[in-house]
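Visitor: Please build the complete structure, drawing on both the sequences and the hints.
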Amino acid sequence: MSTLSPIQPRPIRAEVCRVVFNTPLHGPYRHLAVTASATALAAMPGQFFQLLCPGQGQDRHTLRRPMSVYRVDHARGQLEFLFKIVGAGTRGLSGLAAGDELDIFGPLGQGFRLNMQWRHIVLLGRGAGMATLAPLAETAIARGMKVTAILSAARPELAVAADHLRAAGAEVRIVNDADGSAAPEWLEPVLRQIVTEQGVNFIATCGSGRLLRLVRRLHQEFGIDGQVALEQPMACGIGSCFCCVRPFVVDGQTIFKRVCQEGPVFAIQEAA
Amino acid sequence: MSTLSPIQPRPIRAEVCRVVFNTPLHGPYRHLAVTASATALAAMPGQFFQLLCPGQGQDRHTLRRPMSVYRVDHARGQLEFLFKIVGAGTRGLSGLAAGDELDIFGPLGQGFRLNMQWRHIVLLGRGAGMATLAPLAETAIARGMKVTAILSAARPELAVAADHLRAAGAEVRIVNDADGSAAPEWLEPVLRQIVTEQGVNFIATCGSGRLLRLVRRLHQEFGIDGQVALEQPMACGIGSCFCCVRPFVVDGQTIFKRVCQEGPVFAIQEAA
Amino acid sequence: MIDLTVRIGSLILENPVMPGSGTFAEGMERVIDVDRLGAIVAKTITPDIRHGNPQPRLTEVVGGMLSSIGIPSKGPDYFCAETVPFYARFKPPLIASISASSVEAFGKLAARLNTPGIAAIEVNLSCPNLEVNGRAFAMFPEATRDAIRHIKESTDRPVWAKLTPNVGDITEIAVAAHEGGADALVVANALLGMAIDVTTFRPKLGNVMGGVTGAAMKPVILRMVYQCAQAVPLPIIGCGGISSINDAVEYMLAGATAVQVGTANFIHPTTMIDIIDALPEFLRRHGLTRVTDLIGTMRANEAADPSWAAVG
Amino acid sequence: MIDLTVRIGSLILENPVMPGSGTFAEGMERVIDVDRLGAIVAKTITPDIRHGNPQPRLTEVVGGMLSSIGIPSKGPDYFCAETVPFYARFKPPLIASISASSVEAFGKLAARLNTPGIAAIEVNLSCPNLEVNGRAFAMFPEATRDAIRHIKESTDRPVWAKLTPNVGDITEIAVAAHEGGADALVVANALLGMAIDVTTFRPKLGNVMGGVTGAAMKPVILRMVYQCAQAVPLPIIGCGGISSINDAVEYMLAGATAVQVGTANFIHPTTMIDIIDALPEFLRRHGLTRVTDLIGTMRANEAADPSWAAVG
Ligand SMILES: Cc1cc2nc3c(=O)[nH]c(=O)nc-3n(C[C@H](O)[C@H](O)[C@H](O)COP(=O)(O)OP(=O)(O)OC[C@H]3O[C@@H](n4cnc5c(N)ncnc54)[C@H](O)[C@@H]3O)c2cc1C
Ligand SMILES: Cc1cc2nc3c(=O)[nH]c(=O)nc-3n(C[C@H](O)[C@H](O)[C@H](O)COP(=O)(O)OP(=O)(O)OC[C@H]3O[C@@H](n4cnc5c(N)ncnc54)[C@H](O)[C@@H]3O)c2cc1C
Ligand SMILES: Cc1cc2nc3c(=O)[nH]c(=O)nc-3n(C[C@H](O)[C@H](O)[C@H](O)COP(=O)(O)O)c2cc1C
Ligand SMILES: Cc1cc2nc3c(=O)[nH]c(=O)nc-3n(C[C@H](O)[C@H](O)[C@H](O)COP(=O)(O)O)c2cc1C
Ligand code: FES
Ligand code: FES
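Residue numbers (the working numbering), protein chains in the order written: chain A, 63 to 334; chain B, 63 to 334; chain C, 135 to 446; chain D, 135 to 446.
Not one of these hints is a red herring.
Pulled from the structure, derived: some chain C residues nowhere near chain D, Cβ distances all over 12 Å:
(1) 138
(2) 160
(3) 161
(4) 163
(5) 165
(6) 169
(7) 170
(8) 211
(9) 265
(10) 313
(11) 407
(12) 414
(13) 423
(14) 424
In silico lysine to any residue, SDA-like type, Cα no more than 25 Å apart, as pairs:
(15) A:319 <-> D:159
(16) D:225 <-> A:71
(17) D:225 <-> D:248
(18) A:146 <-> A:106
(19) B:319 <-> C:159
Okay, the calculated beta carbon distance ranges per label pair:
(20) D:144 <-> C:208: 51 to 61 Å
(21) C:225 <-> B:258: 56 to 66 Å
(22) B:309 <-> C:313: 40 to 50 Å
(23) D:264 <-> C:276: 26 to 36 Å
(24) B:139 <-> C:212: 33 to 43 Å
(25) A:317 <-> C:419: 34 to 44 Å
(26) C:334 <-> A:216: 53 to 63 Å
(27) A:242 <-> D:268: 48 to 58 Å
(28) A:149 <-> B:99: 26 to 36 Å
(29) D:411 <-> B:87: 32 to 42 Å
Calculated directly from the structure, the hints in this document are not laboratory data.
The structure displayed is predicted, hence computed values, not measured ones.
Ideal placement from N, C-alpha and C gives every residue a C-beta, glycine not left out.
Guide: Given below as structure tokens:
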């Protein structure tokens with residue numbers, strides 16, 4: 063760079079890491095850790111990396127796959143991901159063993175914005191979406207906030223990151239489709255009760271359009287701040303290609319924003 | 063098939079086999095065994111299979127890779143290959159572990175034609191070319207012939223299949239570039255001596271144009287039968303695509319023959 | 135009951151799956167049950183006897199292969215005396231593929247093939263038109279129309295026009311083939327490509343340029359099939375990178391009535407049979423009973439909004 | 135000393151490696167040392183402000199990607215006020231890329247960009263010519279010639295004509311661009327393709343069709359670069375599937391003077407720097423001292439006879 067820009071943005075790197083562990087969790091979920099550079103370890107909750115997933119057998123894929131930071135273990139210099147096996151890329155990831163190499167590119171995107179005044183925040187995530195919210199719990203608790211995490215899943219045993227969140231000090235509630243507790247009719251009253259009884263400053267959500275709409279209603283009704291982490295198929299992950307745009311309503315106008323660059327975390331009021 | 067053809071040609075199959083072992087040998091060589099069907103185990107010396115080599119890491123290849131039958135272990139129902147790692151396909155092969163799957167297509171091509179009257183045959187192979195000749199030793203010895211195998215390599219320790227050939231009962235001689243013994247000036251007199259002193263009915267060769275020309279000279283001079291196993295990049299392996307043709311001189315005319323179909327083994331006099 | 139039959143003009147096929155010309159030959163009956171194919175398409179023959187292109191003829195490229203075979207041909211006499219009787223043992227109709235360097239020669243060759251055992255003639259229009267500019271017939275609407283018209287006048291067999299993808303607007307050529315009287319279109323032959331060895335600075339093919347085929351070309355050829363299906367009322371046989379039931383269905387959704395499998399035959403020799411085996415189950419899963427229910431039924435106005443989007 | 139400089143008309147580049155338009159944007163300076171690039175090519179802008187195509191805009195295909203972005207553009211005012219000053223911080227010359235729907239509009243847009251900080255204008259001729267038939271300018275020699283000529287009359291910047299590969303004979307278009315006064319050719323943009331979701335029967339792209347880019351297209355575009363290099367005396371910038379030093383060299387051997395990297399930037403963000411880093415060593419290994427020694431030096435008449443052939 064010829065001259066320095068006023069506020070030096072943080073660097074972003076593609077680096078080849080070593081896998082420390084890649085542990086099968088329940089169902090299709092895996093917990094992956096790699097050793098990473100200080101650049102990568104500077105990742106904030108809600109940011110993500112583009113992983114160069116290895117090929118496996120006859121699977122052929124070309125592009126990187128976006129994966130949220132699940133945890134930064136500064137003591138060990140490790141970056142952790144929690145992912146669900148859904149297709150070629152994540153199948154390839156699932157084949158990685160300790161000692162293997164993994165090329166990661168990041169940290170990318172805008173993470174969650176926490177207000178230090180907040181006292182109680184709610185994390186409302188469905189499926190692998192909870193992996194994106196989980197690091198927020200650690201950060202918020204470290205800053206003295208109370209964290210309630212509501213994990214939505216098809217069946218209770220498929221809820222993601224429950225133990226991790228409990229260990230971090232969050233109050234964990236699991237709702238599921240099997241007993242109907244994840245349905246909006248059930249979930250909305252529960253959430254309203256928490257809001258009115260405990261007071262909630264902020265709700266973060268990820269992984270479901272229904273949850274997003276629920277958080278927006280609570281935002282509109284109670285003025286609770288809300289942020290949502292969105293997903294979109296990505297090519298570059300860094301704002302170059304405009305593949306990952308989604309429509310957003312800003313001042314009554316629909317405009318396209320890049321999920322990888324202006325997001326993946328957006329204020330609840332603008333996510334259309 | 064609607065009606066049967068008079069002589070039913072043997073069937074050819076693509077089948078998914080299990081790897082039994084895949085042992086690193088010296089240098090870039092590997093010894094691979096898979097369990098296979100009776101169709102595959104019917105492979106004759108000089109025939110080959112098209113292997114669907116798995117991808118590895120960022121390697122991407124599309125086509126199968128031709129590999130000669132190194133050994134058929136009828137007792138164990140195993141098919142063995144001996145290969146050299148040279149590129150993406152063989153790199154992928156080298157990553158296979160016991161229990162992994164490997165899709166093999168064959169047996170393909172025309173193998174060596176042994177005359178039951180022969181008493182002494184010489185195998186003259188360079189590098190991995192010896193893998194193609196090796197099964198001939200077992201067959202010939204089983205039929206009471208004497209087998210002399212001359213293994214040519216860059217360095218003596220890189221000679222292929224020496225132990226295997228000795229165990230099969232062949233007389234093994236190793237020549238190499240390091241001490242000059244593989245050079246035609248040295249090798250030709252040695253071979254002539256074997257021919258004149260021991261009598262040789264047949265020479266099979268593979269893996270080097272210089273060896274081919276040497277065998278052709280001996281054929282022309284002494285009338286010794288000779289056959290050569292040729293190689294050519296292949297797509298189909300079964301005569302459909304005409305990718306693998308080479309020029310041959312038949313009745314003074316140059317014509318193209320398919321290495322996979324009319325070969326890979328050809329009479330020494332026609333290989334141009 | 136699932137009905138796999140399709141109709142290509144006057145010809146009814148048991149199912150829509152057949153090999154691409156030049157990717158299937160005598161010997162494959164040792165590998166697959168040839169009787170199960172929708173049709174057998176023979177390797178292209180020329181009026182003369184040809185050796186084909188110099189070596190090397192093959193190199194691998196990402197997602198496919200690059201080859202330059204140059205249509206070795208033993209000519210029509212050998213074809214009628216050997217190839218036709220060979221395939222007469224099998225149930226599927228035999229499609230002869232022909233190539234020539236002038237309209238005249240095309241007509242003569244087609245006439246020569248008016249023999250029993252040949253169900254239709256596929257015209258490989260990717261060959262150079264030596265009378266005009268030495269470039270492929272199917273790069274030009276007039277040359278395409280003239281060749282097809284003349285062939286139609288020379289034979290009473292159905293005539294399939296096999297187009298080249300090396301054009302700007304494939305629909306112009308499709309329309310010309312239709313005007314010339316083609317009974318069906320085969321879309322398409324190989325895209326022209328090349329590769330250079332950066333160690334030796336030499337071209338990787340003896341002929342310098344060759345055809346790129348295989349999975350990598352599928353999106354491009356699929357688009358052409360879709361465009362042709364909008365432009366002409368002819369049955370279209372899709373051909374380019376098909377290697378699975380999903381690929382075959384994708385082509386039919388785009389408007390193909392049948393499909394040809396090329397390069398995939400080299401990689402998985404049972405590809406065609408696998409597709410035929412999988413079709414009934416695919417149709418059942420979608421509540422369909424006839425394979426023809428797939429033809430051209432892409433829901434063009436409803437692009438897939440990724441179902442997993444967090445915002446519904 | 136190894137000399138990596140190349141000359142594109144009047145413009146001298148420190149090295150022959152630059153991004154393809156639309157595959158590089160503000161933000162990449164956080165990843166790579168932008169000062170090391172041969173040039174910076176900006177995303178195409180249009181005269182008007184555009185949102186681009188509907189979603190989904192992306193799907194993966196074998197060996198590449200299929201995308202349909204539709205040139206979202208904030209227009210020339212934003213470009214001159216924000217983008218040009220942003221890149222002014224960096225050493226490499228900035229190439230503006232423009233698109234318009236008429237010859238007139240092309241000229242106006244080029245004139246609007248006669249501002250310091252823009253070293254050359256790349257003309258994206260893949261956009262629809264709304265005055266004529268709504269098809270890409272670069273599918274037609276006349277439209278190409280007219281657009282380039284008018285742009286040349288409207289600016290004193292060097293003008294690069296970026297061609298589309300969706301043509302039958304790319305050399306006709308190359309010749310037309312040359313006649314129009316182009317200072318260089320960029321060969322080429324993306325091949326048009328499509329993909330269908332066989333579960334939902336919907337097109338995978340909101341726009342139904344899109345551009346296929348990445349490694350899978352390399353053999354096809356490389357062939358076009360070779361053909362253009364034979365046909366016109368202009369410097370050619372090769373662009374299509376380049377992802378390594380070997381790919382870059384392959385293009386230069388075929389006749390390219392410089393190369394653009396597109397899709398590979400998304401997969402390995404350091405691809406361009408890696409190529410620049412590897413070039414000196416590659417040249418040294420081949421006993422060459424200037425990168426220009428590679429241009430068009432494929433030994434066309436000596437096809438690689440596989441060196442490992444058993445018969446020498
Ligand atoms: C910013 C961002 C952060 C993400 N963080 C995480 C994370 O922390 N953990 C995690 O498990 N996933 C996460 N994802 C989703 C993850 O990127 C995808 O699951 C992955 O790219 C799928 O790749 P694949 O090759 O395995 O599947 P593909 O072969 O690409 O797709 C296979 C099937 O899965 C579907 N699919 C693709 N993406 C998703 C998705 N996001 N969710 C559900 N189905 C999908 C496809 O439509 C297709 O049907 C994130 C996505 C984004 C954009
Ligand atoms: C009928 C037949 C039988 C064969 N039997 C054997 C066998 O028993 N054991 C064995 O090791 N090999 C054998 N080969 C050679 C083997 O097929 C090739 O080595 C293999 O295809 C290389 O694939 P790859 O993807 O690893 O290398 P590629 O990526 O295809 O090539 C890598 C490099 O190796 C070179 N190369 C390719 N093929 C060969 C070759 N045949 N010899 C030397 N260099 C080559 C290429 O030119 C390139 O430079 C046989 C070949 C044929 C045609
Ligand atoms: C080795 C080879 C030989 C071919 N020979 C012919 C031919 O003789 N006539 C013809 O019309 N097409 C020929 N083709 C083209 C195929 O029929 C088919 O159109 C092309 O390969 C695209 O299909 P694919 O992607 O499934 O391979 C040949 C293709 C290959 C790979
Ligand atoms: C996401 C994306 C956006 C693109 N946008 C433009 C563009 O705005 N203008 C343009 O001329 N080319 C555009 N291109 C084409 C590239 O510049 C390049 O010509 C093409 O991708 C082929 O190169 P590749 O195979 O290296 O990707 C775009 C390509 C991609 C993949
Ligand atoms: S993925 Fe490229 S702009 Fe977002
Ligand atoms: S490899 Fe296809 S004919 Fe020999």
